[in-house]
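Participant: Below are the chains, spelled out letter by letter.
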Amino acid sequence: MNEELIRQSEALAPQLDSSRKKAFVCGLLFAALTVVGYFIDHGQFFQSYLLAFIYWMSLSLGCLLLLMIHHLAGGRWGFAIRRILEAGTRTLALMLVLGVPILLGIHELYEWSHEDVVAADEILQKKAVFLNSTSFVIRYFVYFLVWFILAFLLNKWTAAQDATSETSPTRRMQILSGPGTVLFVLVTTFAAIDWIMSLEPHWFSTIYAAIYIIGQLLLTWAFAILVGVRLSRHLPLSALLTNERLRDLGTFMLAFVMLWAYTSFSQFIIIWSGNLPEEITWYYARLQGGWQHVGYLLVAFHFALPLVLLVSSRLKARIPILTAIAAGMMIMRLVDLFWITAPAFDKTGLTLHWMDLVIPIAMGGIWLSVFYGQLKKRSLVPLNDPRFDFAALADEVDAHG
Amino acid sequence: MSETESDTYGLMAEFETPEELLEAAKLAYGKGYRTMDAYSPLPIHGLAAAIGFHRTNLPILTFILALTGAIVGYGMQYWIQVIDFPVNIGGRPLHSGPMFIPVTFELTILFAAVGTFVGLWIRNGLPMPYHPVFNVAGFERASQDRFFLCIESADPLFDAEGTRSFLGGLNPVEVSTVDQ
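Chains as they are written, first to last, in my numbering: chain A, 1 to 401; chain B, 1 to 180.
Hints listed in this document are in silico derivations from the structure and should not be mistaken for laboratory results.
No false leads were slipped in.
Across the chosen pairs, the derived CB separations fall in these ranges:
1. H293/A / G119/B: 33 to 43 Å
2. M128/B / M258/A: 33 to 43 Å
3. T281/A / I109/B: 30 to 40 Å
4. N57/B / L259/A: 23 to 33 Å
5. T206/A / P93/B: 21 to 31 Å
6. F63/B / E10/A: 42 to 52 Å
7. L259/A / I122/B: 27 to 37 Å
8. I321/A / R55/B: 14 to 24 Å
9. M258/A / W121/B: 24 to 34 Å
10. R55/B / L259/A: 26 to 36 Å
11. W354/A / G119/B: 51 to 61 Å
Partial list, computed: chain A residues near chain B (C-beta under 7 Å):
12. I269
13. W272
14. S273
Examples of chain A residues lying across from chain B (beta carbon under 10 Å, computed):
15. F265
16. F268
17. N275
18. R314
We put the CB at the ideal spot given by N, CA and C, even for glycine.
The whole structure should be built from the sequences, with the hints applied where relevant.
Facilitator: If you want it as structure tokens, here you go:
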């Protein structure tokens, strides 16, 4: 049975490899434009680069968190997309490197990194224990160390699981995932505060990092659906990632659409009704000068439309519609992060620079090429997981035609 | 003949396994029977489709109620805060849209949930203290370890003799007449 699954997965490798090459070429072309952009407008380059970085970083991290949730909760959906998630976590090394320009551009992005600004601002002086360039850089590497350890162990043990019929690697993954999830959320909360919230160092919101993490998972569901639909047309995943499983992924996405809306609206209503000067500035910048239209766009296409479409079990069971919603969600996640970060730099009104599109595409191409390169390295379904009997499932599929 | 049929609710076949019940339901549906019901202690995948279960319009009722709840929720707050009893609280706008959302949301859910629950009871004729199927001896095992298929006399194809011999051919433990 396992030999057959490996053979079926290997038969798909040329396809995945061609996707890898296409993504890489696309990434390189846009990376060339990015380099041009760097010399045209330094400041804008770093702002757009940060947007691209936190977007693709959220996909890598979303894969890691969802993988741990799968190990904790089980369920067929998890076995169906596990290799997609695992390949997603193996992009973290790439992201570590791609994040270096943020560290180099720290003075372009974060006002608290300027000593003269801090010297003139009492609040920033009080926050300087945490918000200073040295500790920012150190924390950057600490975050990655934690994510690396989690991703490394899970990938190592899943490979061990493929090679043995013993249950110990499975047990280890389950045991790690509990504390791993807690550690992940803690570390990612700090990362969100460091990289994004500190763009406006006077402002604070306790639910902010949770919104970012929920956004990570939302992006991951959308991505898993898009890659999953593609893989589900071929063996070995066609037996496991059936239309019902894809619909389940759509249902999960619906849950996270609502969770995103719930947390985002909670943050908004608390700050809006409090109307305190130190809090309201964040929304004040985002609800005028054209930025409010981006906000309405989010309400319509990040919440209302996907909600209405995904609530209907008949609509989300139709694969072209599900694919379209997932693709739309991938775009709206970028719009959301754009609406969160860009107004922090530009207080004069809505401006969309070409680099805001070019750099996310460049980084995405490179991210995807690494992703596909990793995906084709292993069998597309987990082998020997004691919680899941693939042979029985294959028989079931045979029996029903 | 007509008198016996009016005294009879239907014919009930008892099976030992869910597979037999599912197979019997499919055959009965294939034969043209439509007014029938299956009773099982556990959910059987595909059984609902086999006895010809179709979607009801209950979701439409839920949707209309949800919409009503939303309009009532928002409208009530608007009417109170802006029209009936406007109070200036620290210069805040009377029509504070975002602050109206939580109550609007809650009333949407409340109307939809309570309305669907009540609608479900009415449509199913609940509460129903008496139902003829319980006249069959041993029917309580439908919630333990036996599987039942009942073809009701209201079905146009129902015929006391013919239906009995059809059910008898499905290899049941027993076929019993369900008294009205």
